[in-house]
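All chains should be modelled from the sequences, with the hints used to inform the complete structure.
Residues in the sequence shown are numbered from 2 upward in steps of one, following this note's numbering.
Hints listed in this document are in silico derivations from the structure and should not be mistaken for laboratory results.
Keep in mind it's a predicted model, so treat the numbers as computed, not measured.
Cβ atoms here follow ideal geometry from the backbone N, Cα and C, with glycine treated the same way.
There's no promise every hint is true.
Result set (EDC-like, lysine to aspartate or glutamate): computed pairs, CA atoms no more than 16 angstroms apart in a straight line [what the hints assert, rightly or not]:
1. 153 with 98
2. 137 with 66
3. 153 with 56
4. 20 with 167
Taking CB as the label site, the calculated pair distances span [claimed, not checked]:
5. 275 with 22: 20 to 26 angstroms
6. 157 with 48: 21 to 27 angstroms
7. 48 with 131: 55 to 61 angstroms
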Amino acid sequence: MMKILLFVLCCALLLTSCKENATNALLNTYQQRLANVLEITPTDTPPLNLPTYPDTRSLKQPVADIRMGLLDAYELRQCGLFQLIAERNSVLGKVQDQTRQLRYELLFLKQLSHCLTVLNSTSELQSQLNGIYQQKQQQLPLKIWNMVFTGKEWRQQFTLGHQLLEPQQVGGYIETVAAFNYLDTLTTTMTSQSISQALATLTPSHIEQLLYHQQQIHNTQYLGQLFYSMAQITAELNTITAQLTQHENNVICGKNINQQQAQYLRNVFYKYYVNDIQPYLSKLQSQYQQLQPYLNSLYTTLIQHHTQPPVTMTLYARYYFQGEVQRQFQQATIEHVRYWQRLFERCQFKVGHQ
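So this is what it looks like as structure tokens:
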């Protein structure tokens, strides 16, 4: 019985792995149908040459480790800082991931700000805490950078996918938008105001949302898939458009001329591009436009606060965060539609009539 179950499971996994991506299938069918009408062989799309996400070592910003002992335990207990320091100095506290480290830094800064208002301003401890407060404040943009761009769950969002998003795929998009909206708002808040004002408005529950969003994106790589899909679709459309344009003069139109070939092309255009591909392109564009402002704002804000990214990250950000991937995507779509506009005008086809 066990052998039968294992056999069935292996077969199911094999079938799943062999299943063609629905978007790939749609684009391949569209190109093949057009080629059939033109009586040509479809042109292969050249491999992508895209900016890739830099390695962790080159992205990690050096940050001095500032830790407090518990010599002044009584006074620290009085202002609520003792427990935080004890947790950080524990065995578990020393092996926290990047997200939990940033959570600690924010909670620590918030509580430290409170301590500075209640401790005796002439005490030696108050002077020591004030120095730590200033250092922690200066380090915060670097801590945020390290979490966003080198933390495991966050880093995997920026790593390019290798599969086109499926037409009906929705899992991961909402969570990704929410996560980067939160990060952008948090970063802007903590860097654009005076730190004391920012900490006053930052509640512990808002800080805890860091862990919530980390958990939400843990099993998804939607952003990397979106970036890859837009770049690959751009290449596919450019290939198809070039193929159509190359044979444009061979499609005969005019009065008292058999326009059957042009009519067949029009039918393929409506059946595949208008009905299925165009809605898919609009979906990609809409999702990118929703995410891009958060990504660009987050990146730009951190750069403005003395973060020094490697050249490879600058190239990556220019392409994906600052809109170059979208510009090329839009241009490919425009050029493709222009071919069909020329054909419809030349053959006097009415838009919307098949």
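Do the hints match the structure? See the list:
1. 153 with 98: Distance of about 8 angstroms is within 16 angstroms: holds.
2. 137 with 66: With Cα atoms ~10 angstroms apart, residue 137 and residue 66 stay inside 16 angstroms; holds.
3. 153 with 56: holds (12 angstroms)
4. 20 with 167: holds (12 angstroms)
5. 275 with 22: 20 to 26 angstroms: holds (21 angstroms)
6. 157 with 48: 21 to 27 angstroms: holds (23 angstroms)
7. 48 with 131: 55 to 61 angstroms: holds (57 angstroms)
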